[in-house]
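Residue numbers (this note's numbering), protein chains in the order written: chain H, 26 to 104; chain Z, 179 to 407.
Rather than coming from a laboratory, the hints here were simulated on the basis of the structure. Any given hint could turn out to be false.
[Stated by the list, open to error] In the DSBU-like style, the derived pairs of lysine-lysine whose C-alpha atoms are separated by at most 35 Å in a straight line are:
{"id": "1", "chain 1": "H", "residue 1": "Lys36", "chain 2": "Z", "residue 2": "Lys404"}
{"id": "2", "chain 1": "Z", "residue 1": "Lys200", "chain 2": "Z", "residue 2": "Lys291"}
{"id": "3", "chain 1": "H", "residue 1": "Lys81", "chain 2": "H", "residue 2": "Lys66"}
{"id": "4", "chain 1": "H", "residue 1": "Lys66", "chain 2": "Z", "residue 2": "Lys200"}
Everything numeric in this text was worked out from a predicted model, so none of it was measured.
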Amino acid sequence: MPKVKVTVTLKPSLLDAQGKVVQGALHNLSYTDVEQVRIGKYIEFSVAESDDLDTKVREICDKLLANPVIEDYRYEVAS
Amino acid sequence: MKFGVIRFPGSNCDQDAFFTIKDVLEQPVEYLWHQDRDLHGVDCVVVPGGFSYGDYLRCGAIARFSPIMDSVISFAKRGGYVIGICNGFQVLCESHLLPGALVKNDGQRFICKQVTLRTETTDSPFTSTIIQGETLTIPIAHGEGKYVCDDSTYSALTQENRIIFRYSDPLGNVLESSNPNGSRDSIAGITNETRNVLGMMPHPERASDPALGSADGRRIFESLLKYAG
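This is chain H alone, in the form it adopts within the complex (with noise of 0.2 Å):
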């Protein structure tokens, strides 16, 4: 079975609250060179092999895992 790998993250355009205080720890840690912090969610999972896998994932994505309001993601297939 085809293994699903997933990664949400918020918008560009959002503020990653999260993201933002790890960059300031990090910075603390004195790796001041460190911008651009974000977090995300990684969601993995194994599907039924099938010409349209593609479209399944997208549509699993867009429905469930991921909100296009606020998230984009991306996934890669390994079989």
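Please arrange chain Z on chain H, whose structure you already have, making use of the hints.
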């Protein structure tokens, strides 16, 4: 007017809403179970606050696909009244009954306090007996209450007069400092295009009796009762 209060696993303001409707407003009310599809002939559905399904994935994301929500979506599309409070507002956004989304408060913290809301329009069933610009004192209790939407949604909301409440100071001035969570344009509550669905982060059901610190929340329910006759 018959009300139905939905119970999801994790709802925790369902009893407050039930109490307000039954004991304060003296209207018939029953609970609606998330696994049912039958709305029991209610005239208004209340989607209460809480942490439906543990807020897993995103607030409201799982609740949106519960069997009862299919019925609520059809009910709302037929013009039925729906009030989503706090987590209920999040569920209605996830259900696309209302536009936009609620994300983590700017300050990262859960905020539980009394706030002032300015009534932005009386052109809605939920504010029909309130005066334009009148302030209501109602508590908020949320970690993810920052309202966001894209520019086209925002212009539709403003042009169609669909922003119902904004966070303000006690005198009714909408200021940066009176916006508790960073919501776009201090938005605290909105309605849909057909004005039969209200979503708001503050809890009117927790402000229904002077003994609770404020009875201003009653005004919203009383407006609806009068409007719906």
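A quick look at each hint next to the structure:
1. Lys36(H) with Lys404(Z): Violated, at roughly 42 Å.
2. Lys200(Z) with Lys291(Z): 25 Å, holds
3. Lys81(H) with Lys66(H): 20 Å, holds
4. Lys66(H) with Lys200(Z): Distance of about 42 Å is beyond 35 Å: violated.
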